[in-house]
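Q: Sequence:
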Amino acid sequence: MNCGPADAHGVRNLRDDSASICNECHKDVWQLLGPEINTVLELDIISVAEQYQRRGIAKKMLEKCQSPQVLK
6 MNCGPADAHG
16 VRNLRDDSAS
26 ICNECHKDVW
36 QLLGPEINTV
46 LELDIISVAE
56 QYQRRGIAKK
66 MLEKCQSPQV
76 LK
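6 is the number of the first residue of the sequence shown in our numbering; add one for each residue after it.
Hints were generated in silico from the structure; no laboratory data involved.
Don't take every hint at face value.
Result set (BS3-like, lysine-lysine): computed pairs, CA atoms no more than 30 Å apart in a straight line [stated by the list, open to error]:
(1) LYS32 / LYS65
(2) LYS69 / LYS32
(3) LYS64 / LYS32
Construct all of the structure, not just a fragment, from the sequences and the given hints.
A: Have a look at this one:
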């Protein structure tokens with residue numbers, strides 16, 4: 006895996022590194038799935054700001070994404 010370069014202070018860009026990790030995890034997905042599969046939905050990262058955590062917000066977001074109406 007090739008994460009992004011560090012900045013002048015030696016700090017890596019978390020967004021770029023996260024994207025690189027997600028891409029690495031999913032790059033071979035079509036070889037792993039059977040030929041009858043023609044659609045893949047991916048949700049790699051979900052987060053809720055600290056001041057709004059522990060209120061069930063992420064759970065509600067996931068439930069909404071999984072609803073049959075949204076998946077049509």
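Q: Each hint should be assessed against the structure and marked as holding or not.
A: Each hint, compared with the structure:
In summary, the hint linking LYS32 to LYS65 is supported, as the alpha carbons are separated by about 29 Å, within the 30 Å threshold. Between the alpha carbons of LYS69 and LYS32 the distance comes to roughly 26 Å, so the proposed pair stays at or under 30 Å and holds. Taking the CA atoms of LYS64 and LYS32, the gap is near 27 Å; set against the 30 Å cutoff, the hint holds.
The structure is consistent with each of the numbered hints, conforming to all of them.
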